[in-house]
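Novice: For reference, the chains in residue letters:
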Amino acid sequence: MGYTFQFGVIEANFDHFLYGLALGLALAFAAILVGTLIGLACAFATMGKVPLPSRLVGIYVSAIRNTPLLVIILFIYFALPQLGIRLGKLESFVFSLAIYAGAYLTEVFRAGLAGVPRGVIDAGRAIGLTGFQLALYVISPIMWRNCLPALGTTFISLFKDTSLAAVIAIPELTYQARKLNTETFRVAEAWATASVLYLATCLLIAAGLRQLERRFPKF
Amino acid sequence: MTLLAIRGLTKNFGPVEILKGVDLEVNKGEVVSIIGASGSGKTTLLRCVNLLEDFNGGEIVLDGVAIGYTGAGSARRRLGERELARQRAMTGMVFQSFNLFPHLTALGNVMLGLTKVRHMAKREAQQLAMSWLARVGLDDRATHLPSQLSGGQQQRVAIARALAMDPKLVLLDEITSALDPELVGEVLNTIKLLAKEGTTMLIVTHEMRFARDVAHRTIFMDGGLIAEQGPSAKLFRNPKNARLKEFLKRANM
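Residue numbers (this note's numbering), protein chains in the order written: chain A, 1 to 219; chain H, 220 to 472.
Because the hints were derived from the structure by calculation, they are not lab data.
Some hints here could point you the wrong way.
[As the list claims (entries may be wrong)] If you want the footprint, here are the derived chain H segments under chain A, 3+ residues with CB under 8 Å: (1) 320-328; (2) 341-352; (3) 373-385; (4) 440-446.
[Said to hold, decoys possible] Pulled a few chain A residues facing chain H out of the computed Cβ check, cut under 10 Å: (5) F17; (6) L113; (7) P117; (8) R118; (9) G119; (10) A123; (11) G124; (12) R125; (13) I127; (14) G128; (15) Y137; (16) W144; (17) R145; (18) L148; (19) P217.
[As the list claims (entries may be wrong)] Cross-link-like lysine-lysine pairs, in silico, BS3-like; alpha carbons within 30 Å at most: (20) A:K218 <-> H:K335; (21) H:K341 <-> A:K218; (22) A:K49 <-> H:K239.
C-beta atoms are modelled at their ideal positions from N, C-alpha and C, and glycine is treated no differently.
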């Protein structure tokens, strides 16, 4: 162990780390937003009586969940332009992470929907709510509460997955650490800093979500 | 005046025939109770009237309108979701397991249908909901969530939720079966009050004494058919059907 830690380089480049962290958060936020819309649409689509939407959603979910995210990112970034679809670097990554998030969130929302008591839905129908009103005023609020813990875990996991954006040279946190590593050879410092920043951010998000769970108590 | 007329109602769950041709009329202001063993089709009958279940044959006429379907024979079609919702709002239903909206307060539970289905202004809906909570003796629990209420209180909120919609017909499905014995009384008293006020009710119940004392008429269902019916006092005192006699004996009546 002849390694001497020198955090001076980190200090000098800390603004790069923070920029990388902020970019990662922004990417995660955008992907989660789109992914949530995909997930909600897919989860509700499986609720109907017609079997086709359910089957399509099933194919989408198992296709995405059984493919490594890294491969999805590389496919969309490198292969789609060959097929004539050109996206910017950031758009390409957000798109990748969003369809990936959508598949996982579909399952989270489906579990949340399954936890809405059948009888409560009957009660909503019985007072004359239409299907849309039922989904909006009865099913969704209960579903959200059911999903909250699983959503938190998924969101944190998706934030960590933004580190994969480094492979297509998006200058987020992992990219910044690698850059500092190669430029200064302060290997341990660079990766320790990135790790600590990821860890602290995830713990912070988790704490926020716990607050949210406390604010909306279980029924 | 006939409010509800059920004619030749049949219902299958897959190959199993649950209702085998039920005929039943309920007059305005009448309280009719339905008794019978588990699986005799009582609950399914109520759920058909509330259009929570589709049915295979026969018709249900509520206040002069055949509900749930349009056309006859091969042209018979289930109505669209929107129209079904509109027709469901004509009847109120109270369930065995209360089924309150868990995320809404007692007041919120009663108000939802008023604002979203009856399109009442919020203030007006709130006043009406409060007055119904008061009638079931729960105005002091208006801001409580269902999880903060006892079973009997939850069921009384559910009654207020159904009645506030001013339904033409109220369907009660074994509403005391999930309650602790000491809480049954408060719910039944609420129903007695409604009966006295002339609310038309169709009551599926296992409370024989309640059926006898409150219902004008009692129906005994057996194997998907009405096996016997008559004025409650008479039916309980002098049952004719052998299965009904057996059923009442087991219920200690």
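Novice: Hint by hint, say whether it matches the structure.
Specialist: Hint by hint, here is what the structure shows:
1. 320-328: holds (count 3)
2. 341-352: violated (count 0)
3. 373-385: As far as the stretch 373-385 of chain H goes, the hint holds, because 4 residues have Cβ atoms under 8 Å from chain A.
4. 440-446: violated (count 0)
5. F17: 42 Å, violated
6. L113: Violated, because the Cβ-Cβ distance from A:L113 to chain H comes to roughly 14 Å (cut-off 10 Å).
7. P117: Where the cut-off is 10 Å and the nearest Cβ of chain H is about 7 Å from A:P117, the hint holds.
8. R118: This hint holds: A:R118 lies near chain H, its Cβ roughly 9 Å from the closest one there, short of 10 Å.
9. G119: A:G119 check passes; min Cβ-Cβ to chain H is 4 Å, inside 10 Å.
10. A123: 4 Å, holds
11. G124: 7 Å, holds
12. R125: Nearest chain H Cβ about 6 Å off; hint holds.
13. I127: 4 Å, holds
14. G128: 3 Å, holds
15. Y137: With Cβ-Cβ at 6 Å, under 10 Å, it holds.
16. W144: Where the cut-off is 10 Å and the nearest Cβ of chain H is about 9 Å from A:W144, the hint holds.
17. R145: This hint holds: A:R145 lies near chain H, its Cβ roughly 7 Å from the closest one there, short of 10 Å.
18. L148: 12 Å, violated
19. P217: 8 Å, holds
20. A:K218 <-> H:K335: 25 Å, holds
21. H:K341 <-> A:K218: 27 Å, holds
22. A:K49 <-> H:K239: With Cα atoms ~26 Å apart, A:K49 and H:K239 stay inside 30 Å; holds.
The structure fails to meet hints 2, 4, 5, 6 and 18 from the earlier list, while all remaining hints are met.
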